[in-house]
Amino acid sequence: CAALAEHADCVMPVENQALMDIVTSIYEKSDVNTRRGSALTGVDGGVEVSGHGGRPWDAMNGIAANLLLNLTAGARFDGALNVDINEVTTNLVPFPKMHFLLSSMSPATVSADKGKAAPAPRTMDQIFTEVFGRDRQLASVDPRRSTYLACALMMRGAVTVSDASRNVDRLRKGLRMAHWVSDGFKVGLCDRAPTGTPYSALCLANNCAMRKPLDAMTSRFQKLRRRNLYVHHYGEFMEIDDMDAAASTIAELAEEYARVDAAPPPETVPSIRPIGVL
Amino acid sequence: RGAASRSGRRTRRAMPGSVVTVQLGQCGNQVGTELFSTLAREADASSASTRDEIHETFFRTSQARRRGHSSSSGASENDAPENRNALDSRAAPVARAVLIDMEPKVVQSSLRRAKKSGRWRYDSARTLAFQSGSGNNWARGYNTYGAQTRETALELVRRETEACDHFGGFLLMQSMAGGTGAGLGAYVAEALRDEYAHAPLLNHCVWPHESGEVIVQSYNTLLTASTLLDASDGVIVAQNDQLRLTCVKQLGIERPTFDDMNAVAAKQIAGVLLPSVRRDSCANGGVMVGADAAGNSPGVGRRAHLLHDLTRDVCQHPSARLLSLRQTPVMPEASVDFTTFAWPSLLKRTRQMLLSGATLEEGLDWGLDPAAVGAGRGRHTKCFAASLFLRGLGSDAADASLVSDRELFPKWVPAPCAVQWSPSRFDGKEMSCTLLSNCQTPCPPIGRMLARAYQMRAARAYAHQYAEHGVGDEEFEQAFARVEDVLATYRAL
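One line per chain: the protein sequences are A and B, in this order.
If you're matching positions, the first sequence starts at 1 in my numbering and goes up one per residue.
If you're matching positions, the second sequence starts at 1 in my numbering and goes up one per residue.
Check each hint, because a few of them may be wrong.
Listed next, with one range per pair, are the computed distances between beta-carbon atoms [to be verified]:
hint: 1; chain 1: A; residue 1: Ala258; chain 2: B; residue 2: Arg159; range: 51 to 59 Å
hint: 2; chain 1: B; residue 1: Asp399; chain 2: A; residue 2: Gly174; range: 50 to 58 Å
hint: 3; chain 1: A; residue 1: Asp142; chain 2: B; residue 2: Leu251; range: 35 to 43 Å
hint: 4; chain 1: B; residue 1: Ala163; chain 2: A; residue 2: Asp191; range: 32 to 40 Å
hint: 5; chain 1: A; residue 1: Met177; chain 2: B; residue 2: Ser132; range: 38 to 46 Å
hint: 6; chain 1: B; residue 1: Asp241; chain 2: A; residue 2: Ala258; range: 54 to 62 Å
hint: 7; chain 1: B; residue 1: Ala334; chain 2: A; residue 2: Met177; range: 50 to 58 Å
hint: 8; chain 1: B; residue 1: Val336; chain 2: A; residue 2: Met177; range: 26 to 34 Å
hint: 9; chain 1: A; residue 1: Ile240; chain 2: B; residue 2: Asp241; range: 55 to 63 Å
Not everything, but these chain A residues come out facing chain B in the computed CB check (under 7 Å) [claimed, not checked]:
hint: 10; residue: Ala2
hint: 11; residue: Asp9
hint: 12; residue: Asp78
hint: 13; residue: Asp84
hint: 14; residue: Asn86
hint: 15; residue: Ala150
hint: 16; residue: Ala158
hint: 17; residue: Ser162
hint: 18; residue: Asp169
hint: 19; residue: Lys186
hint: 20; residue: Pro213
hint: 21; residue: Met217
Derived by calculation from the structure, the hints in this document are not laboratory data.
Think of the CB as a built atom: it goes at the ideal place given N, C-alpha and C, for glycine as much as any other residue.
Construct all of the structure, not just a fragment, from the sequences and the given hints.
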């Protein structure tokens, strides 16, 4: 994680716990798992397994795979407003080190069973609402409690620009945005919807809530490091100082997020006054 | 003179100037394609001489078509598109355009759309597309890609201008919020100004939705505006929010797509670029009598020369080059048959749109007027100069004094409102009216954009992304200063 903080342009962490929560909630809502041989998968044409045990990681991996598909759809298909990965990095990374993005998707999965009702079809506005709720985030955080530094919405399917701006206007009021990014939404529109659903939304947000996983990572590390547990295994192949340096990088990053989260808007903003006209 | 001989060959008369269009970025290419479709459609719906003029100005017609004209085997002058398809598809007129984008998808789809229409096509040799895209980073478009593409882009433009018999100027279509259209577009505008110092250069720039299309749009629009206001002769600002409202309120489209909005924008530009005749104020007190369609009667107004007349009429001051477009009537196609048109009401609505600062006819404040007293005094939108285009029945004789009223313009401008007319119908409407004005309408959005850009700058957000490609504090300071200067010029009106 420290190496990624140094060298990567942007990082999209996906937490297993979050994936599991999403998969569980979908299993509960639909009765897909009662049929023998059925499976939930993120991509169409899923694998037939016996019972609902089978390969339990399939559904979770499917969601992560869907994330990648939606992310690259703008570069692969035509659309009214193309977005490719360069634009994601430019728009969502206001400060060089703070490039850990929170992703969320709706719908998260589609049912591989043909003829069986997929989890209830959503109206378009509902899709927008879901990506900002805490249920569909791919990390176990609640983004509404922290400040958004930037937000990108990548829509696929029959979504027009007026749908997007209408929903952004509606939902923006419930979000805490940084004071300097009042119009901070990046919208991408792709014509081709994912298989099995008429439209979908992927939200990538640079949100200060990401400090929670970073803090958790640091505290778990410190628990082991304080007692020097397992350190000798790592000491064979690397310097222990490097490990400590990595830990402090992550701790600093989490502090940076916390600072920006709490920063108040400045009293005055410097601007240029023209002196003399015509 | 100007009459068709029986073999269909035209007698030579002064050729209209040709306009070379450069489409930059996704938005520029999409709006440009829509513009050429509109021009081709209007050409096909017009009389033969007007169609030839439109084709000469905006398209290159191939030799096969000219041969078809002069043969007596019956290829009629009003060839339906179906007949034309039956001829070689290479015979379709080719747009005088250069298409530039940093990723290939949009250029490809523009080429496909043009060919599918059957009426016209693009020249696939006049395209420049890279693979990787600009990433919405103005600095990357301007510095990095600008330097890389300069030679090729200028070469493509040179070939296109050399194909013109009589070159009339450049029209650049771009957006202000993106990376390619904004950054590379600004670079290309400066490069064209360097290479072709005397050619008129008109930019059509799309202003993004204020709800946000791109997060760094404040920076990108600031940098584009400051560059273009120096390099270009005129910058038409088309606001996405206004175009969307026009679609919703006047065309009754509940959820407008970009295609719908592009169609509205394209019709507004076409209303200005299609052939017209100037009313010279010296002849008959501004009212023409007995003018023929080609406007060739001596002593009566001459044909409007693109783009020179446009830029000279409306952009007389170097610090004041922001232009807006207004058009009326705008209505769904189904309503056209049920509407009666009259010049006085059209001109009155145009006048009030100008005074209210709106570019659509909804919610006009009829109390705003230069002659108002009390609270309403001085609140109307002020204007440096304007150019009015009347198209359709009786446009030669229509009384335009409501719009060319001297009260609307500053005293020191010698000829503030030019009036042009054309007997051809526009967009199937019996009468229509387009106004290109140099007025305060773009100022409020620019002011809001500046405020947001200052805030972002104070927080140092995205500074590293722009500094990586050579746009640092100094460049931002200059850009802020330039745009503040221009705003001050407009606010002092």
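For each hint, the structure was consulted:
{"no.": "1", "hint": "A:Ala258 with B:Arg159: 51 to 59 Å", "verdict": "58 Å, holds"}
{"no.": "2", "hint": "B:Asp399 with A:Gly174: 50 to 58 Å", "verdict": "54 Å, holds"}
{"no.": "3", "hint": "A:Asp142 with B:Leu251: 35 to 43 Å", "verdict": "42 Å, holds"}
{"no.": "4", "hint": "B:Ala163 with A:Asp191: 32 to 40 Å", "verdict": "34 Å, holds"}
{"no.": "5", "hint": "A:Met177 with B:Ser132: 38 to 46 Å", "verdict": "30 Å, violated"}
{"no.": "6", "hint": "B:Asp241 with A:Ala258: 54 to 62 Å", "verdict": "36 Å, violated"}
{"no.": "7", "hint": "B:Ala334 with A:Met177: 50 to 58 Å", "verdict": "42 Å, violated"}
{"no.": "8", "hint": "B:Val336 with A:Met177: 26 to 34 Å", "verdict": "44 Å, violated"}
{"no.": "9", "hint": "A:Ile240 with B:Asp241: 55 to 63 Å", "verdict": "58 Å, holds"}
{"no.": "10", "hint": "Ala2", "verdict": "19 Å, violated"}
{"no.": "11", "hint": "Asp9", "verdict": "10 Å, violated"}
{"no.": "12", "hint": "Asp78", "verdict": "6 Å, holds"}
{"no.": "13", "hint": "Asp84", "verdict": "5 Å, holds"}
{"no.": "14", "hint": "Asn86", "verdict": "3 Å, holds"}
{"no.": "15", "hint": "Ala150", "verdict": "5 Å, holds"}
{"no.": "16", "hint": "Ala158", "verdict": "10 Å, violated"}
{"no.": "17", "hint": "Ser162", "verdict": "5 Å, holds"}
{"no.": "18", "hint": "Asp169", "verdict": "5 Å, holds"}
{"no.": "19", "hint": "Lys186", "verdict": "5 Å, holds"}
{"no.": "20", "hint": "Pro213", "verdict": "23 Å, violated"}
{"no.": "21", "hint": "Met217", "verdict": "25 Å, violated"}
Of the numbered hints listed earlier, those contradicted by the structure are 5, 6, 7, 8, 10, 11, 16, 20, 21.
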